[in-house]
Amino acid sequence: MSNLLEINNIVKNYGDFRALNDVSIHIPKGSVYGLLGPNGAGKTSLIRIINQITMADSGSVYLDGEILSPKHTADIGYLPEERGLYKSMKVGEQALYLAQLKGLSKAEAKKRLTYWFEKFDIMAWWNKKIEELSKGMAQKVQFIVTVMHNPKLLIFDEPFSGFDPINAQLIAKEILQLRDEGATIIFSTHRMESVEEMCDEIALIDKSNKILDGKLNDIKREFRTNTFQVGVHTANPKEVEAKLKESFEVFPADFKLLGNELTMNVKLGKNNSANELLSFLSSRGEVQHFVELIPSANDIFIQAINKNM
Amino acid sequence: MSKLKLIIRREFIAKVRNKSFIMMTFLSPLLMVGVGFLVFFLMKKNDEKVKKIVYVDNSTLFSKDDFKDTKTVYYEDFTNLGIEETKKKVENGDYYGALIIPKNDSLEVLANSIEFYSKESPSMSIINSLESKIERKLGNEKLNYFGIDLEKINASKIQSEIKMYDFSGEESSKMKNWIKIMVGAIAGYLLMMFVMIYGTSVMRSVIEEKTSRIIEIIVSSVKPFQLMLGKIIGNGSAGLLQFFIWGILLFVISTALTAFFGIDMAEMQTANLSAEQLEAAKQAADPNKMQLIVQEVLGLPILKMFVLFIFYFLGGFMLYSSLFAAIGAAVDNETDTQQFMLPIMLPLILAVYVGFATVTNDPHGPIAVAFSYIPLTSPIVMLMRVPFGVTWVELTISMLLLVVTFLFMVWLAAKIYRVGILMYGKKPTYKDLYKWLKYKG
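Heads up: the sequence lines are chains G and Y, in that order.
In this note's numbering, each number is its position in the first sequence, counted from 1, plus 2.
In this note's numbering, each number is its position in the second sequence, counted from 1, plus 35.
Just so you know, the hints here were simulated from the structure itself, not pulled from any lab data.
Yeah, the Cβ is synthetic: ideal placement off N, Cα and C, and Gly gets one too.
Incorrect hints may have been included.
Simulated DEER-style distance windows between Cβ atoms [said to hold, decoys possible]:
| # | chain 1 | residue 1 | chain 2 | residue 2 | range |
| --- | --- | --- | --- | --- | --- |
| 1 | G | Lys112 | Y | Leu65 | 37 to 43 Å |
| 2 | G | Ser62 | Y | Leu338 | 53 to 59 Å |
| 3 | G | Lys112 | Y | Thr431 | 25 to 31 Å |
| 4 | Y | Met58 | G | Lys92 | 16 to 22 Å |
| 5 | G | Lys92 | Y | Arg248 | 16 to 22 Å |
| 6 | Y | Lys461 | G | Asn310 | 26 to 32 Å |
| 7 | G | Lys309 | Y | Tyr465 | 37 to 43 Å |
| 8 | Y | Met58 | G | Pro72 | 48 to 54 Å |
From just these sequences and the hints, can you work out the full model?
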């Protein structure tokens with residue numbers, strides 16, 4: 003799979019402050035790419051460079067094999083974190099204007115807008131002013147405005163803020179569908195649960211540096227600790243626990259099961275395999291629960307940031 | 036359609052559709068004419084009230100001939116009543132005031148011992164007119180005293196009017212000068228009003244985009260510079276449209292009112308002028324003179340003036356409104372604009388004052404010339420000078436300077452603009468603005 007976007011060695015300074023320090027990111031075609039990082043890490047600076055709102059001091063950006071240039075604004079759809087629409091302009095008029103700024107003809111823009119407005123069942127809003135809509139309603143219009151010109155690259159900065167859970171679900175579904183139709187998506191957020199749900203690959207930016215990137219599953223594998231959550235029915239829990247401690251590292255359980263089993267977290271040593279642990283447990287009682295503790299995106303985020311301190 | 040055209044169209048439509056814009060467009064001329072008429076009627080009412088002034092002349096120098104009645108002021112001789120009786124009568128009766136002229140052998144002493152008693156403090160124009168009557172009479176007495184024949188003095192008065200030519204053979208006159216001053220002043224004043232109204236409207240439009248947070252979406256599609264330019268042109272065209280409609284409406288309304296009420300517009304304009312100015316205005320309103328004015332106006336280099344008017348008008352507006360746009364971009368809301376507005380308003384107001392003070396007096400004097408070169412004041416001051424004939428050399432220098440400054444200022448404003456529109460929160464200082472200038476891209 004080739005890359006849609008290649009960002010190479012980007013450096014960006016604001017006066018004496020270095021916002022991006024030699025950042026390189028490669029985003030494969032047709033993926034949902036999570037751009038993660040704490041507030042002020044440099045995510046928005048990077049996104050603004052991709053959108054050609056600001057220019058990098060050095061480094062290069064390639065979109066679909068071509069060096070990024072003004073004509074590419076039509077290939078990118080951008081939903082900024084700080085977003086809004088003209089309050090006193092009518093919804094339809096406004097969407098048409100923004101579509102034409104993205105290079106669509108008026109007729110084509112009208113056709114696309116009608117499609118999306120019907121899909122979201124909001125045709126009735128066409129002649130309303132934004133100030134008459136609720137925040138959630140305005141966000142839907144905002145989403146349509148972002149995607150209506152069928153861009154190759156979609157950039158969503160905190161797309162779910164301002165949406166109730168039902169609409170957030172709807173938007174998430176639309177984003178994944180757009181990916182399935184061939185769009186590449188950059189997804190910037192610090193809401194980790196949505197990262198698990200949406201992202202194929204991620205990059206983590208902290209203090210102006212990229213500190214981690216790759217496929218989400220690979221990263222998880224890298225961050226796994228070989229720890230298992232176990233639950234066993236046994237007549238003699240104290241003895242089982244003591245025996246376990248002889249060959250494994252054992253920690254108190256941080257989860258709950260339905261029955262009154264013996265529960266704990268067990269970390270395998272270098273020479274142990276999961277099977278060894280399982281057969282040990284099954285020889286002592288009835289194994290009710292046996293799950294590898296896979297690090298969540300949240301865990302990875304916190305661990306990586308702390309390590310970078 | 037190109038992006039710039041799209042932006043201009045949106046800005047224009049957004050401005051023109053705005054309710055307050057529509058209201059202002061149609062209400063302002065009505066208000067202007069209405070207030071004018073109100074003032075006129077009030078002045079007329081005020082004047083219609085006849086004032087009775089009595090005088091007690093113990094010097095026996097004055098006669099009724101010195102106090103001729105006018106439409107609004109009557110004089111009565113109360114000398115026979117005596118001072119005390121007269122004062123009493125005036126205080127209790129329907130009189131405006133009493134002029135007491137004592138007896139004194141010295142004309143100089145007499146001139147400074149005349150008193151005026153009134154119930155309310157008298158209007159300055161009445162006092163002035165009384166003083167001039169007294170001065171004329173006493174002056175004549177003095178001439179008599181020196182044995183100079185008054186008739187001869189009167190006969191010796193000669194009026195001279197110097198005819199002025201420049202070396203291209205063009206004739207000029209005081210009247211012509213007066214017209215030139217008027218034409219220049221109107222042009223300069225129009226430009227100042229236009230910059231103030233529509234420059235701030237550009238600024239407000241930038242702030243609106245910032246506060247509604249749509250700005251980042253727009254600049255991901257177009258260059259900030261395009262957006263700024265589109266705003267300036269869009270708002271400027273809406274302004275031109277409004278000015279145009281005002282012009283037509285003012286003309287239509289005043290013509291209609293004149294026809295309906297038979298009010299002479301010229302009379303109305305002169306309603307609040309002093310007696311001497313009134314005299315001059317009457318001369319001007321003379322039908323023959325009227326024709327002369329038209330002739331003189333037509334005699335001005337109209338085409339040259341028109342072209343230069345357009346150039347300086349657009350140049351001045353673009354220069355100032357790009358600065359207004361930069362201010363709008365730097366702040367988050369209108370209340371924060373004050374500290375940045377002052378340095379922009381200052382040259383604008385300075386230009387108008389300097390224009391009125393120096394150009395009217397000496398259109399080619401060093402100060403007038405200097406200010407018609409300085410780019411921030413040149414649009415207004417040069418527009419005022421143009422009717423007096425400015426050489427092409429001076430025009431070229433001034434225009435070149437304006438264009439160069441315009442390009443530099445737009446570049447500067449665009450830099451502040453492109454950084455400022457994405458900055459929220461903290462109110463920037465001048466130091467911040469300077470830092471922004473050094474950011475790349």
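Unsatisfied constraints (hint numbers, rising)
Violated hints: 3, 8; rest satisfied.
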